[in-house]
Every structure is written in structure tokens, then in C-alpha cells.
Amino acid sequence: MKRWAIVGLSVVLLIVFCGLVDAGQPFKGKKITVSVNAGGRKASSSGDLFEWRDKWQELSGAELEIVEIPAGEHLEKIVVDNMTGANRFDASIIGSFWYGTLIAEGFIIPTEQWYNDPRMPKWPRDLMPAQEKLYKWGGKWYGVPFDHDGQVLYYRKDILNDPKWKAAFKKEKGYDMPVPPKTIDQLIDMSGFFNGKDWNGDGQPDSGIAMHLKVGGQGMYHFMTFSAPLTVLPGDKVDRYHNVYDFDPETMEPLVNDPGHVRALEMLIKLAKTGPDAQTGWALREAWTHFLIGKAVFCFTWGDLGALAQQKDSVVQGKLGIAVMPGSYEVWDGSKKEFVKLKEPNIVGNTTGGSWHGVIMKASKNQDVAYHLLAFHATKEVSQWAAATGWDARDPGRKVQFVKPYGDMDVSEYVKMGWDAEDAKAYSKGFHDVFSQKTTLPYLRIKGALEYWVALDRNLSEAMIGRMTAKEALDRCAKDWNEITNRLGKNDQLKLYREAIGYTP
Amino acid sequence: MAFPAVSHKHVKFAFLLPAVVWMLAFTVYPLFYALYMSFNKVKLTGPDTFVGLANYTRIFGDYYVGNSAKLTTIMVLTTVTLQVVIGLTLALIMNAEIAGRRYFRTLFSLPIFVAPIAIGYLGHTIFFEEGGPLNTVLTAVGFRPIPWLSHPTWAFVAICMIEVWIATPFCFMVLLAGLQGLPEEVYEAARLDYKSEWQIFKRITLPLLAPVILIVFLLRLISALRILDTVYALTAGGPGTATEVYSLITYRAAMKFFDFGYGAALAYVLLVVVMLILTFFFRRMREIYE
Chain X
5 MKRWAIVGLS VVLLIVFCGL VDAGQPFKGK KITVSVNAGG RKASSSGDLF EWRDKWQELS
65 GAELEIVEIP AGEHLEKIVV DNMTGANRFD ASIIGSFWYG TLIAEGFIIP TEQWYNDPRM
125 PKWPRDLMPA QEKLYKWGGK WYGVPFDHDG QVLYYRKDIL NDPKWKAAFK KEKGYDMPVP
185 PKTIDQLIDM SGFFNGKDWN GDGQPDSGIA MHLKVGGQGM YHFMTFSAPL TVLPGDKVDR
245 YHNVYDFDPE TMEPLVNDPG HVRALEMLIK LAKTGPDAQT GWALREAWTH FLIGKAVFCF
305 TWGDLGALAQ QKDSVVQGKL GIAVMPGSYE VWDGSKKEFV KLKEPNIVGN TTGGSWHGVI
365 MKASKNQDVA YHLLAFHATK EVSQWAAATG WDARDPGRKV QFVKPYGDMD VSEYVKMGWD
425 AEDAKAYSKG FHDVFSQKTT LPYLRIKGAL EYWVALDRNL SEAMIGRMTA KEALDRCAKD
485 WNEITNRLGK NDQLKLYREA IGYTP
Chain H
17 MAFPAVSHKH VKFAFLLPAV VWMLAFTVYP LFYALYMSFN KVKLTGPDTF VGLANYTRIF
77 GDYYVGNSAK LTTIMVLTTV TLQVVIGLTL ALIMNAEIAG RRYFRTLFSL PIFVAPIAIG
137 YLGHTIFFEE GGPLNTVLTA VGFRPIPWLS HPTWAFVAIC MIEVWIATPF CFMVLLAGLQ
197 GLPEEVYEAA RLDYKSEWQI FKRITLPLLA PVILIVFLLR LISALRILDT VYALTAGGPG
257 TATEVYSLIT YRAAMKFFDF GYGAALAYVL LVVVMLILTF FFRRMREIYE
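Protein chains in written order, with my numbering: chain X, 5 to 509; chain H, 17 to 306.
Since the hints were derived computationally from the structure, they do not count as laboratory data. Be aware that one or more of the hints could be misleading.
[As the list claims (entries may be wrong)] Straight-line Cα separation of at most 25 Å, BS3-like style, residue types lysine-lysine; simulated pairs:
#1 K81(X) with K57(H)
#2 K494(X) with K59(H)
#3 K429(X) with K384(X)
#4 K57(H) with K483(X)
#5 K272(H) with K494(X)
#6 K177(X) with K299(X)
#7 K59(H) with K81(X)
#8 K494(X) with K57(H)
#9 K59(H) with K499(X)
#10 K272(H) with K81(X)
#11 K499(X) with K57(H)
#12 K366(X) with K272(H)
#13 K86(H) with K483(X)
#14 K272(H) with K499(X)
Kindly generate the complete structure, drawing on both the sequences and the hints.
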């Protein structure tokens with residue numbers, strides 16, 4: 005009798021245990037496949053998926069297959085996968101500029117249906133307003149937070165605050181060196197001042213700025229960020245002339261060759277001359293390296309640079325100044341067809357870049373499992389780890405990722421990950437400021453966004469190497485944009501554009 | 017149990033079947049499907065729209081295509097000529113009795129085993145302007161550093177250099193094989209008539225080797241017209257549009273911008289050009305050698 009009682013109790017305990025395990029592993033036995041930009045196990049967005057794979061599998065009970073695809077071919081693979089009905093991917097870590105294509109073709113679905121699902125990890129909806137826009141379409145959340153891109157101005161605060169250089173600057177330029185520069189003109193002046201001088205004491209002339217201007221090296225992002233203060237007319241809402249950048253939301257005519265953009269390109273060419281000639285052939289790696297080895301005073305780029313500056317043996321750690329991009333006292337007003345003067349510089353925030361994040365495929369048979377994975381990566385704990393980690397290309401854009409008083413994180417969390425405390429504070433402030441500006445550069449999320457940007461990229465480069473003037477290059481870009489719009493369907497594109505920027509006629 | 021008797025006449029078809037199916041599925045079908053696409057506006061989802069010759073007429077008004085056609089032509093003629101000339105020179109040297117000939121032959125053949133895309137990415141380091149190995153050597157011997165990747169002309173030169181380096185071994189190996197196949201008796205007789213090696217080369221070697229040279233030239237020409245990997249990896253067509261070759265435009269149209277109809281039309285135009293070149297060369301060869 006006793007023996008039977010023990011056996012009975014064991015069976016009951018086993019059933020309870022199995023039940024507990026199942027409750028903790030809601031998707032046991034299932035498998036999902038996620039596509040991500042190739043980067044390996046310790047780099048780029050893919051690194052995070054690998055880093056946390058075991059933990060997530062343990063938590064969910066499901067299996068995760070990670071498919072790495074070169075960034076330049078990722079969208080085409082997703083599109084072909086959906087077009088052919090192969091439907092291999094349950095979720096993908098995509099660039100925000102793919103939304104137009106993926107939404108228009110109906111490849112992805114909103115995610116809100118799982119927010120209150122008790123099986124799912126919970127993440128705070130604390131994205132900075134400019135970032136939140138990228139994760140939504142038509143008021144619905146499609147994306148789950150992962151990466152948050154925006155360009156800030158990095159500068160060497162140790163050099164710019166050095167009294168010797170301050171005095172020399174005043175003597176040469178006739179005014180006090182503003183740290184950080186408040187306007188584009190000041191940035192050009194300061195970068196020009198330092199360019200060619202041996203300010204790092206290595207016996208070699210150094211650079212003012214380092215930029216990535218190679219075709220295919222994301223140079224068009226530099227132009228967008230840089231040109232915004234001259235081209236985005238501030239206003240309380242999005243209308244035909246305010247808070248627009250790419251197209252006239254009434255006619256879908258490109259704005260890329262208006263006088264604001266042309267002047268901005270002329271100024272960018274001027275700024276480029278305060279850095280190495282070679283930078284017209286540089287992609288991210290070369291430009292970032294130039295700054296990280298202490299050869300450039302300025303670099304305006306993404307959060308990755310701030311995190312990379314914290315690596316062991318870094319020569320710039322603890323010397324970083326980080327600020328929102330400088331503005332302009334003059335901005336092009338499309339309604340008046342003239343530059344208008346402002347009392348304060350027009351500072352424009354930006355979400356330039358990919359802001360890579362997860363979306364769920366409509367054709368997936370395991371949408372709930374896919375959401376569980378994405379939500380797991382958006383939890384406070386994983387997001388904070390990602391923000392402070394240098395190699396993973398996941399930049400901060402949420403309150404949980406910023407240090408106090410800009411967010412919830414204690415600076416010691418960053419220090420534990422190898423950061424200099426002052427750099428961490430400047431980093432949080434810089435990105436908090438860039439994502440919370442009243443005026444923000446609108447993000448191009450229409451179908452074929454990449455094609456528009458490639459056209460801009462190759463024409464910018466023509467101007468940068470002097471084969472075309474700024475006006476010629478942007479006129480040809482506008483012609484290319486019109487051709488793309490007409491081919492993709494002007495009415496469809498206009499509808500998507502209006503939805504994407506939140507314009508109501 | 018005996019298997020049903022199958023006549024030898026029918027067995028051969030069974031053996032041919034896999035190859036035929038393979039050809040139909042992976043050569044003939046894509047070829048015709050691409051032709052179909054070139055006459056349509058192909059949508060990602062939804063039905064295609066017949067547009068007649070619109071994709072073809074668009075090619076002739078496209079600035080980028082005109083630019084890329086010009087660049088590709090110059091690049092192909094330059095690189096292929098250099099590949100054949102250098103390959104022939106190396107083959108002549110390696111055909112002579114010199115010490116370590118076997119090792120040199122292996123050494124000169126090595127680049128052929130390297131993937132062009134890998135060399136393209138390696139090029140970032142080789143041609144790095146601020147202290148890359150090539151500029152370091154140049155400055156060490158008193159030259160100014162060259163803006164390899166930031167200047168339109170030099171970027172074009174850099175691509176050509178890689179192309180020559182990669183494909184010369186192919187020319188070298190084929191021409192060396194051709195040289196080794198030339199009859200020794202002819203040379204023995206020639207040495208009675210001609211005193212200098214140059215005369216022997218000009219009067220004997222070159223005419224005898226001409227069909228091989230022509231074939232090598234032709235094969236390289238066709239291959240070079242499709243150049244993509246090195247450009248894609250090293251310059252992405254830049255700076256500006258200085259290295260934007262024809263295949264890059266085609267690839268971008270179809271696979272980056274999902275403009276499949278236009279991409280197919282671009283590919284077909286290249287196909288026609290290659291066919292015309294082939295026809296011309298083979299006709300000339302027939303005229304000369306038959």
C-alpha cells in the first residue's frame with residue numbers, strides 16, 4: 005500500500021512539474037527562423053540574437069534559427085521569400101526605411117494583439133517620440149524596439165576646451181570658439197581651423213572632421229542630417245511647407261533640389277574639405293577609425309562610435325563631447341520661396357539611419373513565438389545591456405537606456421560595462437536631445453526608399469568629387485526621384501508618403 | 017524475376033534525361049522567363065503588366081546606362097588586352113628552360129583560385145589611401161600617395177589593376193598550354209631561316225598561336241563584360257558614378273530596386289551584345305582558318 009502511495013505521489017509531482025515547465029516554456033517544441041543583417045556572433049544586430057539565443061530558448065522552449073544575410077541583400081531576400089511563397093522567415097530585423105515596401109506589399113503585421121498576452125515578456129513603451137514614429141504605421145505598432153539610430157556630433161572636448169587652442173582660434177577667426185558649435189558655419193570654421201594642424205602631438209598634421217562619403221558608404225545620411233536645419237521649416241504641425249524634407253506632400257514633387265538643399269550641399273562640400281581628401285572613398289569603418297585613433301576633432305554619426313570609443317586601449321575614451329547637430333539661422337521657406345532668418349538657430353533632431361528592429365511576417369505560422377522573441381529583446385534588462393554594449397550596433401533611444409536624469413539607468417551600469425562615466429552621461433544627453441527636438445527631420449518610409457537614397461547617394465558623390473556642382477547634382481537627383489515616383493505609381497507613392505509623415509491634406 | 021527488356025535505343029534517352037531536365041529548368045526556362053519579364057512591368061505581388069518595348073526604350077534614355085556602357089567598354093578593352101599581353105609574356109618566359117620554372121608556374125597561377133569578391137574587399141586595405149600598403153611603398157620610394165578610391169580616375173585604375181591581376185593567370189595557363197603544343201620541328205626549321213628570337217616569335221610563334229590567343233581574348237572579353245564582384249565590393253560604383261559598370265546597374269535595377277522588367281531588359285541587351293561579339297569573332301576565325 006505504502007509503495008503504491010509513493011508511486012502515486014511521484015506521478016502527481018511529475019505531472020505538476022511538467023505543467024510548471026510548460027508554463028515557463030509556452031512554445032516548447034516550436035521553431036522560428038529570423039533573418040538579420042550578417043555580422044556574426046559578436047557584431048552588428050546579429051550578435052545580440054546569438055548572444056541571447058540560449059537564454060531565450062530556455063525561457064520560451066522554442067528553437068531559434070538565425071539566418072544572417074548581408075545588409076545590402078537583406079531586403080531583396082525578404083521580398084523574394086514572400087513573393088515566391090517560400091515564407092521561410094517568421095520575423096526579420098529590418099531597417100525602418102523598408103516599411104514602405106513591406107507595408108505596401110502586406111508582408112508584415114501589427115504587434116499590439118500580443119501586448120496583454122500573459123505568455124509574453126513585457127517591455128515598457130518608453131521610446132523617445134521621434135523613435136516611436138519609426139516603429140508605427142497608421143498609428144499601429146508594427147515594430148518591437150531593438151535599435152535606435154540618430155546622428156549626433158562627436159567632438160574632442162579635451163582639444164576644444166584647451167585654452168591654448170581656444171586662444172589660437174580667437175586670434176585666427178576673431179570670435180570665441182563655441183563648444184560645442186551651435187551653427188553649421190561655426191562647425192565649418194572650427195573644423196577648418198584644426199584641419200592640417202598637429203593638435204594631437206604625433207608630429208603629423210591631423211584632421212578637422214572624419215566623414216563616410218563613399219558611394220554605398222551611407223554618405224547620404226550625412227547629407228540628410230547636415231542639411232535638415234537649412235531645409236526643414238519648423239512648425240507646430242506637418243503641412244505643405246513645415247516639417248517636410250523629401251517631397252511636397254501635395255504634389256509629390258521632390259524638394260531635394262530646392263535652394264535650401266543646394267546651399268546645404270555646398271556647405272557640406274566645404275566641410276568635407278576640412279577632413280582628409282580620402283574620405284570621399286570612406287565607408288563607416290574608415291571614418292570611425294580615423295576619429296577613434298585620435299586623428300579627427302569631429303565626427304557626426306551614430307551611437308556606435310560612442311560605444312566603440314569605450315573599447316580597451318581607446319585613445320579617445322573620457323575625451324568625448326557629444327551634442328545634437330548644429331543648426332542654422334537661415335532656413336528655406338518653400339511658401340515664400342526665400343530663406344527666412346530666425347532668432348535662434350534652427351536645430352533639427354533626426355532619426356537618420358536604419359533603426360533596425362524586429363517585425364513579424366504575415367505569412368509566419370508562428371507569429372506568437374516570433375513576437376515572444378522580439379519582446380524578450382525589448383525588455384528593460386536586455387535593452388539596457390544592448391545600449392551599453394559596443395559591438396552590437398544597438399544604439400539607445402528609450403528612457404530605460406539613458407542615464408539619469410534623461411532616463412532610468414544609473415551611470416554605474418554603463419561604467420560596469422567599461423564606459424567612462426562622463427562619456428556615458430554625454431552619450432545619454434546627446435541622444436536624448438537629438439530624439440526630443442521639437443523639429444525633427446522626417447524619415448523617408450515610402451516604397452522604394454532605398455532607391456531614392458541610392459539616387460541621392462551617387463549624385464552627392466558626384467558633387468563631392470567635383471564632377472558636378474551642388475545644383476547640378478541635386479537637379480539630377482530630383483529628376484531621378486521623379487522617374488522613380490512615376491514608375492512606382494505617383495498616386496500610390498503620394499498616399500504612402502502622406503501616411504508616413506503624418507500629413508493630412 | 018526478370019526485368020522487362022529495354023532496348024539500347026531507349027536507354028540512352030534515360031541517361032540523357034537528367035541533363036535535359038537540368039538544362040530546361042536552369043537555363044532554358046530562366047532565359048525565356050527573363051525575356052517575358054523584359055516585356056512586362058513585374059510587380060512584387062499582383063499581376064504583371066505588359067509594357068511592350070518600354071523597358072528597352074527606357075535603356076536608351078537612361079543616363080546611367082550610357083555612362084556604364086562607356087565605362088564597361090573602356091574597362092573591358094583595357095583589362096582584357098593587358099591580361100592577354102601579360103599572360104602571353106609570362107607564358108613565353110615560363111616556356112623557356114629556366115630554373116625553378118615549375119614553382120613560378122604555380123605562383124603565377126595562384127590568383128585564379130581567389131574569389132573576385134574577396135579580392136574586392138581586400139582591396140579596401142591594399143588601396144587604403146592613408147597608410148595602406150600600396151601608398152606606403154609608393155611614398156617610401158619617393159612618390160606621392162595616390163588617391164586610389166577617392167578620385168574617379170584612380171578608382172577606375174584600381175579596379176582595372178585587380179581585374180588584370182585576377183584574370184591574367186587564366187590567359188597565362190591557356191597560352192602556356194598552347195605554346196607547349198606547338199611542334200618542335202617547325203622551330204628547328206625556323207632557326208635555320210631566322211637568327212633572332214624576336215623574328216621567330218613574330219614569324220612562327222605568333223601566327224601558330226593566334227587561334228589560341230583569339231579564343232583566350234574572346235573568353236576573357238565575355239567574362240569581363242559581366243564584371244560585377246570587384247566593383248561591388250571595392251567601390252560600389254563610385255566615387256560618383258566613376259566605376260558604375262553595366263552589370264552593377266543591372267543588378268541594382270533587378271535585385272535592389274525590384275524593377276525586374278527593366279533589369280531583365282538590361283540583361284538581354286548585354287546578351288545580344290555578347291552574341292554579336294561571338295558571331296563576329298567566329299566568322300572572322302572561319303574566314304582566316306578555313
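Which numbered hints fail: No numbers; nothing is violated.
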